[in-house]
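Colleague: Each chain, written out:
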Amino acid sequence: MKSLSISRKQLMLVALLAPTSLFLLVFFVGPMLIMLTYSFLEPGLYGGVEWHFYHWNYGRVLGWADGFYEEFDTVYLEILLRSVGLAVATVLCTLCICYPVAFWVSTLSAKKKALCIFLMTLPFFASMVVRLYAWVLILRNSGFANQFLEATGLITEPLNLMFSGTAVIIGMVYIFIPFMFLPIYSSVEKLDKNLLQASEDLGATPFTTFRKVIFPLTLPGIVAGCILVFIPSLGNFVVPNILGGAKVLMIGNMIEQQFLYARNWPFGATLSMIIIFMMMIILSIYLYKSAKKQAAL
Amino acid sequence: MSGSTPSLEYIKIRHAHRQFITPEGGIINALDDISLPIAQSEFITLLGPSGCGKTTLLKIVAGFEELDSGDILLDGQSIIQQPAHKRPVNTVFQSYALFPHMTVGDNVGYGLDIAKVNKVERNQRVATALDMVGLGGIEQRLPSQLSGGQQQRVALARAIINRPKLLLLDEPLSALDKNLRLQMQLELKNLQTELGICFIFVTHDQEEALTMSDRIVVLNGGRIEQVGTPDEVYHSPQTEFVATFIGESNILSGTVIEKSETGIDVDCDGVTIHSLDTTPELGEEVKLLLRPEHLSLTPNGQEGAQAQLTMTLNQTVFIGSDYQLHGALENGLAFSALTRKTNTPLIKDNKVTLYYQISALHTIPSKKKPTKGRI
Amino acid sequence: MKKQTPLGRLLSIYSVLFFIFLYAPVILIVIYSFNSNPINIMIWDGFTLDWYRSVFGLETSLADSSSYIDSTDQLLNALLNSLIVAGSATIIATFLGTSTAVALARYRFKLHSFYRLLLFVPMVMPDIVLGIALLIFFVGAGFTLGNSTIIIGHCTFLTSYVFIVVSARLAGMNPLTESASADLGANEWQTFRRVTLPLILPGVIGGALLSFIISMDDLVITYFISGVDSTTLPVFILGMIRRGIKPEINAIATLMLLFSVVIASAGIYFKSKNTSTP
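As you go down the protein sequences, you meet chains A, B and C in turn. Taking the UniProt record's numbering, I'd label the letters of the first sequence as residues 1 to 297. Taking the UniProt record's numbering, I'd label the letters of the second sequence as residues 1 to 375. Taking the UniProt record's numbering, I'd label the letters of the third sequence as residues 1 to 278.
Just so you know, the hints here were simulated from the structure itself, not pulled from any lab data. Worth double-checking, as some hints may not be accurate.
Unchecked claim - Residues of chain A placed beyond 12 Å of chain C at every Cβ, according to the derived structure: (1) His52; (2) Gly63; (3) Phe72; (4) Gly85; (5) Ala89; (6) Leu154; (7) Thr156; (8) Leu191; (9) Asp192; (10) Thr208; (11) Pro216; (12) Leu219; (13) Lys247; (14) Lys292.
Unchecked claim - To be clear about the criterion: a stretch of chain C counts as covered by chain A if any three or more of its residues have a C-beta under 8 Å from a C-beta of chain A, and this derived list gives those stretches: (15) 95 to 106; (16) 206 to 220.
Backbone N, C-alpha and C fix where the C-beta goes; we use that ideal spot for every residue, glycine too.
Modelling step: build the complete structure from the supplied sequences, incorporating the hints.
Modeller: Shown next as structure tokens:
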């Protein structure tokens with residue numbers, strides 16, 4: 001009787017897990033492993049690959065290519081660095097913008113809070129292309145910003161706002177604001193207001209209270225928000241594509257070029273793997289730190 | 001410091017007013033003309049039901065709320081203009097409000113770190129404060145690793161380490177279970193004696209107030225109902241509210257129908273009660289208080305005159321040493337008594353005779369303005 | 001009686017500006033979609049519905065309508081593709097995500113943390129990386145790029161979203177209800193069908209709705225694995241923007257925003273209705 005019920009349970013478990021396991025192994029784990037393999041293959045002529053181990057793809061980006069098979073070109077590192085820089089700038093901007101607002105929302109009445117949260121989640125539902133398109137309308141030469149500045153007499157010639165690093169940062173900030181706001185808000189909301197009074201009661205000035213109590217206690221939300229914004233910013237491809245043009249290439253655009261125009265798939269796979277490695281490093285540090293914190297409690 | 005004679009008016013709350021506007025637009029008088037002097041090393045308790053203004057008053061003294069009008073003097077100096085972090089006043093919060101990201105040592109040492117006390121002295125004072133609350137040597141633990149009672153003690157250590165002139169305690173024992181609460185009550189009282197500073201303790205638990213306080217301030221609807229020692233508020237309540245809020249009580253209201261040198265006769269809906277109080281006038285409406293524990297099933301007539309009442313039993317509850325008897329007097333008034341078991345059969349609908357010392361009757365002053373604070 | 005500090009007032013003003021920053025750009029699109037100026041779409045020239053007429057292929061008062069939009073057919077084709085992809089991907093991902101969530105919530109087994117990781121990674125994987133990995137795979141395995149490859153691609157990460165939403169619902173559920181069902185003689189499957197499924201249904205529907213929205217909006221992965229005839233709406237609009245700004249884009253964008261708001265409001269209404277009844 002007992003063994004029968006166990007096997008029935010196991011059967012149920014297998015039935016529940018098998019479809020997803022099969023699907024994700026074939027269509028997610030498989031492609032990832034193939035891409036990893038590709039990054040170590042030699043690019044053939046006209047988009048093909050030569051099936052032997054070839055580490056010069058990485059050498060091309062990271063510096064050990066000697067010019068015989070592949071040439072090391074600092075432009076790839078520059079683009080990589082620029083991508084990191086733009087992603088960091090996006091993270092900092094969204095953080096500075098969202099942090100005070102999260103506090104403001106947490107002081108509102110329940111009804112107004114719900115409205116603000118609704119307004120923050122609504123952009124998730126609105127099409128990203130459309131939201132970026134709005135900034136094309138604003139930033140291009142005959143766009144809203146230039147018209148407005150000319151009308152106020154601040155400028156006479158239209159400024160080149162589009163196709164710049166600033167435009168890319170504005171676009172990414174605009175797209176990723178909800179990713180930063182929601183985790184920060186949830187940690188601010190969880191903050192026990194009694195702790196602030198306790199700190200003040202013990203002689204701390206508002207600034208000291210912020211430094212010693214508010215900031216450390218909202219840090220988990222800040223870190224989560226930063227990671228949630230950094231990862232999609234780093235590999236972003238749509239924003240530089242629409243607002244950055246050919247001038248502000250990010251690593252995402254370079255990958256696109258390798259796949260759709262240069263037809264050097266192994267090199268494109270290598271660039272993707274570099275993004276994955278960077279992402280894995282950040283996530284490992286984060287998971288390690290939070291596991292350590294959990295263990296301490 | 002005033003030296004050997006502690007000031008009796010060390011803290012003075014003068015005509016404190018505070019209003020709140022409800023979301024519906026109504027106005028609530030959280031504090032309605034509160035005046036109260038407090039002595040330098042006194043354990044004073046603010047007692048009242050929720051919404052009576054006790055927590056508001058505490059927050060105003062701490063500096064987390066502002067007064068609409070009035071003043072608070074500490075050692076002759078007005079403190080209401082000072083922000084909370086500059087007041088020599090510390091608070092033990094209801095939910096403890098321990099910083100979850102700091103160790104016990106860092107929590108207790110927080111005030112000293114803010115004041116930039118040097119490390120050696122700081123660590124020494126943290127150890128002393130923790131010793132005082134019986135938690136020596138747990139500096140490295142996190143608040144989440146402590147029990148409720150331990151967290152309570154850490155909060156206490158953290159609040160006294162700055163050597164405040166005044167310690168405020170906002171229902172600090174309400175989250176503890178009963179045994180621990182009784183133990184902490186005694187410890188708090190001892191700690192207060194040891195430190196020699198003033199404790200203002202807020203609670204809605206009358207037993208807690210009676211156990212620990214030097215004086216009790218009974219608040220209701222933002223006003224002071226009575227200020228007095230535990231004995232005074234229990235045995236000589238000045239208002240009906242105080243009489244019913246503190247302890248079990250039977251209130252007999254009626255009219256004075258006889259008055260003589262030795263006392264008055266009061267007619268309470270057909271039951272006549274004799275009282276030794278001669279202050280009420282003939283024809284005056286009075287309320288008489290008779291505590292259930294002053295009633296017994298047997299006359300014990302060594303001293304003083306006795307009287308008796310007849311009650312129809314409705315319910316009998318055995319509570320360990322004694323019986324609680326609930327029933328109605330001849331005039332239908334609900335009545336209760338707390339007595340030892342006797343031979344009288346305690347059966348529902350039986351009539352029992354209850355005896356009491358006439359001197360145990362207390363007259364509640366009728367319909368005059370609530371008393372202001374006095375020493 | 002509460003007084004607002006100068007700092008608090010500053011914070012309020014700042015926060016209101018923040019919400020304006022969030023919404024002004026999209027409102028701008030809506031306003032200018034009614035602008036009749038065909039040359040410079042940012043200069044207001046009067047109210048018109050012509051751009052909407054043009055989008056739907058209706059008669060317009062425009063001088064030469066053919067110069068404004070290439071083909072309504074292409075647009076409708078893209079919309080149709082989007083709906084087919086989002087619909088199919090949602091059904092598959094909802095099935096996969098829900099069954100995995102139930103398995104992980106109700107059974108203890110060795111590979112528990114492996115499955116959590118397997119469902120976590122696709123969600124955080126940058127979309128371009130997933131897009132090209134799938135491209136390499138599909139081309140190598142001989143798939144013809146089209147709606148089917150897009151559906152498969154979307155399911156790889158949508159499954160994770162459904163999993164998260166349904167897991168949250170399962171975590172808030174009293175497991176004793178299932179024990180009670182077993183106690184009353186129901187077998188595993190009967191318990192699932194009669195007790196578990198009805199209880200997690202709001203989560204399943206919520207997850208499905210989220211999947212549908214994300215699938216409709218996905219640009220990057222679709223961009224890499226769509227075939228010649230399988231352009232979806234976001235890819236189509238990206239193409240239009242890159243070819244040059246035309247007034248019709250405003251109209252299309254407004255219609256898409258309207259669609260999003262309707263779906264979002266429906267979702268939130270549904271959610272509030274479900275949380276209010278225990």
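Colleague: None of the hints should be skipped; say for each whether it holds.
Modeller: Hints, one by one, checked against the model:
no.	hint	in the structure
1	His52	holds, 17 Å
2	Gly63	holds, 23 Å
3	Phe72	holds, 23 Å
4	Gly85	holds, 17 Å
5	Ala89	holds, 17 Å
6	Leu154	holds, 17 Å
7	Thr156	holds, 17 Å
8	Leu191	holds, 16 Å
9	Asp192	holds, 20 Å
10	Thr208	holds, 16 Å
11	Pro216	holds, 21 Å
12	Leu219	holds, 20 Å
13	Lys247	holds, 15 Å
14	Lys292	holds, 17 Å
15	95 to 106	holds (count 7)
16	206 to 220	holds (count 5)
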